[in-house]
Amino acid sequence: MPRRNLVLLGGIIILAAVAIWVDLPTNPGIHIHLGPIQVDREVKVHQGLDLQGGMQVLLEADVPPDESVDRQAIANAKAIIEKRVDGLGVSEPLIQLQGTRRIIVELPGLKNPEEAIAAFGKTGLLEFIHAGNIYMPPGSLVQTTEEVATPSVEATPTATVEVTPTLTATIAITPTATVTPTATITATEPLGPTPTPERIFETIMTGRNLKSANLTVDDYNQTQIAFALDEEGTRIFADYTARNVGQVMCIVLDKEVVSCATVKDVISRGEVLLTREGGFTPAEAESIVIRLRYGALPIPLRVETHREVGPTLGEDSVRKSTLAGTIGLSMVVAFMLIYYRLPGLLADLALGIYAAVVFALFKLIPVVLTLAGIAGFILSVGMAVDANILIFERLKEELRAGKGLHQAVEQGFSRAWPSIRDSNFSTLITCVILFWLGSYFGASIVKGFALTLAIGVLVSMFTAIIVTRTFLRLVMHLGIVKTHWWFGV
Amino acid sequence: MLDIVSKRYWCFLISALVIIPGVISLVLFGLPLSIDFTSGSLLEIAFEEGRRPQPGEVKELLGDYGLDEVSVQTSSDPVTGSEFLLIRTVPIDSQKKSEIEAAIEERFAPIIDELRFESIGARVSMETTRRALYAIGLASIAILLYICWAFRHVPNPVRFGTCATIATIHDVLVVVGVVAILGRLRGWEVDALFLTALLTVIGFSVHDTIVVFDRIRENMKRRAGEPIESIVNHSIIQTLDRSLNTELGVLFTLTALILFGGVTIHVFAFTLLIGIVSATYCSIFNASPLLVEWERRPERLLYALSFILPPVGIVVGLYSLLRGGSKVLAKGCLLAAGLGVATIVALFFLRRVIA
Numbered sequence: 001m002p003r004r005n006l007v008l009l010g011g012i013i014i015l016a017a018v019a020i021w022v023d024l025p026t027n028p029g030i031h032i033h034l035g036p037i038q039v040d041r042e043v044k045v046h047q048g049l050d051l052q053g054g055m056q057v058l059l060e061a062d063v064p065p066d067e068s069v070d071r072q073a074i075a076n077a078k079a080i081i082e083k084r085v086d087g088l089g090v091s092e093p094l095i096q097l098q099g100t101r102r103i104i105v106e107l108p109g110l111k112n113p114e115e116a117i118a119a120f121g122k123t124g125l126l127e128f129i130h131a132g133n134i135y136m137p138p139g140s141l142v143q144t145t146e147e148v149a150t151p152s153v154e155a156t157p158t159a160t161v162e163v164t165p166t167l168t169a170t171i172a173i174t175p176t177a178t179v180t181p182t183a184t185i186t187a188t189e190p191l192g193p194t195p196t197p198e199r200i201f202e203t204i205m206t207g208r209n210l211k212s213a214n215l216t217v218d219d220y221n222q223t224q225i226a227f228a229l230d231e232e233g234t235r236i237f238a239d240y241t242a243r244n245v246g247q248v249m250c251i252v253l254d255k256e257v258v259s260c261a262t263v264k265d266v267i268s269r270g271e272v273l274l275t276r277e278g279g280f281t282p283a284e285a286e287s288i289v290i291r292l293r294y295g296a297l298p299i300p301l302r303v304e305t306h307r308e309v310g311p312t313l314g315e316d317s318v319r320k321s322t323l324a325g326t327i328g329l330s331m332v333v334a335f336m337l338i339y340y341r342l343p344g345l346l347a348d349l350a351l352g353i354y355a356a357v358v359f360a361l362f363k364l365i366p367v368v369l370t371l372a373g374i375a376g377f378i379l380s381v382g383m384a385v386d387a388n389i390l391i392f393e394r395l396k397e398e399l400r401a402g403k404g405l406h407q408a409v410e411q412g413f414s415r416a417w418p419s420i421r422d423s424n425f426s427t428l429i430t431c432v433i434l435f436w437l438g439s440y441f442g443a444s445i446v447k448g449f450a451l452t453l454a455i456g457v458l459v460s461m462f463t464a465i466i467v468t469r470t471f472l473r474l475v476m477h478l479g480i481v482k483t484h485w486w487f488g489v
Numbered sequence: 490m491l492d493i494v495s496k497r498y499w500c501f502l503i504s505a506l507v508i509i510p511g512v513i514s515l516v517l518f519g520l521p522l523s524i525d526f527t528s529g530s531l532l533e534i535a536f537e538e539g540r541r542p543q544p545g546e547v548k549e550l551l552g553d554y555g556l557d558e559v560s561v562q563t564s565s566d567p568v569t570g571s572e573f574l575l576i577r578t579v580p581i582d583s584q585k586k587s588e589i590e591a592a593i594e595e596r597f598a599p600i601i602d603e604l605r606f607e608s609i610g611a612r613v614s615m616e617t618t619r620r621a622l623y624a625i626g627l628a629s630i631a632i633l634l635y636i637c638w639a640f641r642h643v644p645n646p647v648r649f650g651t652c653a654t655i656a657t658i659h660d661v662l663v664v665v666g667v668v669a670i671l672g673r674l675r676g677w678e679v680d681a682l683f684l685t686a687l688l689t690v691i692g693f694s695v696h697d698t699i700v701v702f703d704r705i706r707e708n709m710k711r712r713a714g715e716p717i718e719s720i721v722n723h724s725i726i727q728t729l730d731r732s733l734n735t736e737l738g739v740l741f742t743l744t745a746l747i748l749f750g751g752v753t754i755h756v757f758a759f760t761l762l763i764g765i766v767s768a769t770y771c772s773i774f775n776a777s778p779l780l781v782e783w784e785r786r787p788e789r790l791l792y793a794l795s796f797i798l799p800p801v802g803i804v805v806g807l808y809s810l811l812r813g814g815s816k817v818l819a820k821g822c823l824l825a826a827g828l829g830v831a832t833i834v835a836l837f838f839l840r841r842v843i844a
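Chains C and X are the protein sequences, given in the same order.
The working numbering applies: residue 1 is where the first sequence begins, and numbers increase by one.
The working numbering applies: residue 490 is where the second sequence begins, and numbers increase by one.
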């Protein structure tokens, strides 16, 4: 027996040491480079929105409830929002699809929520600009006379948006003029932003005047993009092209050049064909059409739910709940020590290991800590103590019944086990249901609570059964403990 | 030795004294549901000491923006002296919120901080409500099945399962009832966090009951032949130290949370506290004595059930009459059911009078 206990003690010490190492605020993260094994992980506490402040927005496809939403379209919308959010400079944004018609956006620590809402709430700004005699490669960032609608600046082309072309070009358009771009769009290659800082280009017209945009295929089987303008747009465009034959015109989306072309003739019928030497790939063209059609989002989205927590409230919550946790835990530790004496002391040690392991798991998994999560953790401490109390009460009973110390300890554990198992199992059932509830409507607050409570319950069973028992057995073997006083009997 | 089982009616009475006012308040005023379930917007803003506008003034201002159904609450931080306004309206977007804030600053005083802003649309809130009800129902059924399974080797496992479920319903009623009263008196709200607290109480309640039932299960084997009163009472006494000490441990942590844990978590921690005190009380004084009652005077349980769920009483009563069963039992059931119906009618009548 002693040998087995020593092995267990060794295991417990190693576990505690690893857990404490992970818990250290200065933990450098895990970096293992051993041949094929490459692990690089940052180890840190992930704070939820209610702790560090920030905002959560639930966007829903703004279509009638009975109309289904194209999976690809909503996935594209998500990809576009991700890129726009990147432009806001938020650290650790979280953008998730939820079901088939919703997108959750979580932006922790955000200072200016209005700006963010504007960035993905509104559709993108499409402009036709007058570039004079300058050709700009696609992907260039420009400044225009049109007011800035979105602060987000996309620095990379939308090559990541993959679209399977479903549109086969059928709409017959007789172009009165063809805009032939001389700049080649290579959307598959990442194009760095070419700064053209000083110059502010004149906006000829915006996407408001666009009636439709479609894919077409010409006689040589080249993919083209055809778009039709409304009345006002037709007039503006005719005027412009009449005055600027031989000049360069660019199509700009959210201040990023999509394509530039030389005006060859007057365009007066309000129908424009966008072509390119060598043609667009169908996927590229589809992606541009989507952006032309909807600004930037392939489907209209509406803000369904919106939560914001100011950073002061969050800080306040962290400070206060940490204080509350410390006070509560100290009282529990003191109580255990006074009431149960020697086993109490050992249980307190086990409780220390318990707290270290749980916190290490929070950092490793990682669990996003919310206020409810902290509450779940504090509550699970209560449950952890309960397992110990169940065992010690049994132990005392056995001692009072006249059993020897060794026998009493063993029976205390084995008799208390069914109660611990059954009662904790029912808590775990509740946790699973809470988790399911929380993962549905984006109430990460409920989910966080369920997860922390479940981790707490599982670890508490381990510490009560393995850690406390090993400690107790070893102390018995040391032979210091001779009287029942040590057990509070 | 302390004899709890023989004083069980006093124990039931104490529970009734807590639950009945809560249920009355629930029927009369309803649950104070938050925007998580009803949809709407919530805005909390801070002002410097002494510069906060009056709720009436703010309501008037919001009226200019077409927001008529508005509630405005005030609170303050005694340490920093900041004063807060909590505004609830129908759902508004962040643009409208900015307009309102600008108008408040223009007319009254500068807003020094925006603590939180939440806006929840009707569709999400409806789904949340539906999911919440599913969750509670599912949790109860899953736990009931689990208990029946855990006690499958004991005679009458369904009895144990049912008594544990009644104990759980007891705790839910205590929590919901107390919150309904406090919602009326102190403006508490039932939100997603409350739901979390409630489900935790359900888990804890079963946890506590199982520990006592587990001892009864064990003692039934060891002390076979003894009357059930003595077995149950013994089991309660044997687990009493454990029940109280665990309660004490949880009380320490929850009290600390309530006292020092900040505003956001205050209602949550308090709800948990109510529920956990109720769960411990119920596991000692109600759940196990109920087992005895079921063994000795099952008809009384039937009367109680008939009162709470009159259809059950009517069905059992009529069945008993028509099939020539016990006339006393039938009369009792029908009487209890009648009383139950009368109480429900009276409560709803009162509700209409108040409204």
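One or more of the hints may lead you astray.
[Stated by the list, open to error] Below are the DSS-like pairs computed for lysine-lysine, each with C-alpha atoms no more than 30 Å apart in a straight line:
{"#": "1", "chain 1": "C", "residue 1": "Lys44", "chain 2": "C", "residue 2": "Lys78"}
{"#": "2", "chain 1": "X", "residue 1": "Lys585", "chain 2": "C", "residue 2": "Lys78"}
{"#": "3", "chain 1": "C", "residue 1": "Lys44", "chain 2": "C", "residue 2": "Lys363"}
{"#": "4", "chain 1": "C", "residue 1": "Lys403", "chain 2": "C", "residue 2": "Lys44"}
{"#": "5", "chain 1": "C", "residue 1": "Lys396", "chain 2": "X", "residue 2": "Lys548"}
{"#": "6", "chain 1": "X", "residue 1": "Lys820", "chain 2": "X", "residue 2": "Lys585"}
{"#": "7", "chain 1": "X", "residue 1": "Lys710", "chain 2": "C", "residue 2": "Lys403"}
{"#": "8", "chain 1": "C", "residue 1": "Lys211", "chain 2": "C", "residue 2": "Lys78"}
{"#": "9", "chain 1": "C", "residue 1": "Lys320", "chain 2": "C", "residue 2": "Lys363"}
{"#": "10", "chain 1": "X", "residue 1": "Lys585", "chain 2": "X", "residue 2": "Lys816"}
{"#": "11", "chain 1": "X", "residue 1": "Lys710", "chain 2": "C", "residue 2": "Lys396"}
{"#": "12", "chain 1": "X", "residue 1": "Lys496", "chain 2": "X", "residue 2": "Lys820"}
[What the hints assert, rightly or not] Heads up, incomplete: computed chain C residues facing chain X, CB under 8 Å, no partners named:
{"#": "13", "residue": "Leu6"}
{"#": "14", "residue": "Lys320"}
{"#": "15", "residue": "Val332"}
{"#": "16", "residue": "Gly382"}
Calculated directly from the structure, the hints in this document are not laboratory data.
Backbone N, C-alpha and C define an ideal beta-carbon position, used for all residues, glycine too.
Going through the hints against the structure:
1. C:Lys44 to C:Lys78: Cα-Cα ~27 Å, so holds.
2. X:Lys585 to C:Lys78: holds (25 Å)
3. C:Lys44 to C:Lys363: holds (5 Å)
4. C:Lys403 to C:Lys44: violated (49 Å)
5. C:Lys396 to X:Lys548: At roughly 63 Å apart (the allowed maximum being 30 Å), lysine 548 of chain X and lysine 396 of chain C break the hint.
6. X:Lys820 to X:Lys585: violated (63 Å)
7. X:Lys710 to C:Lys403: Roughly 21 Å separates the two Cα atoms, so the pair holds.
8. C:Lys211 to C:Lys78: holds (25 Å)
9. C:Lys320 to C:Lys363: With a Cα-Cα distance of about 21 Å, the restraint between lysine 320 of chain C and lysine 363 of chain C holds, given a limit of 30 Å.
10. X:Lys585 to X:Lys816: Violated: lysine 585 of chain X and lysine 816 of chain X sit about 68 Å apart, past 30 Å.
11. X:Lys710 to C:Lys396: holds (21 Å)
12. X:Lys496 to X:Lys820: holds (27 Å)
13. Leu6: violated (31 Å)
14. Lys320: holds (4 Å)
15. Val332: holds (5 Å)
16. Gly382: holds (4 Å)
Checked against the numbered hints given earlier, this structure breaks hints 4, 5, 6, 10, 13; the rest are met.
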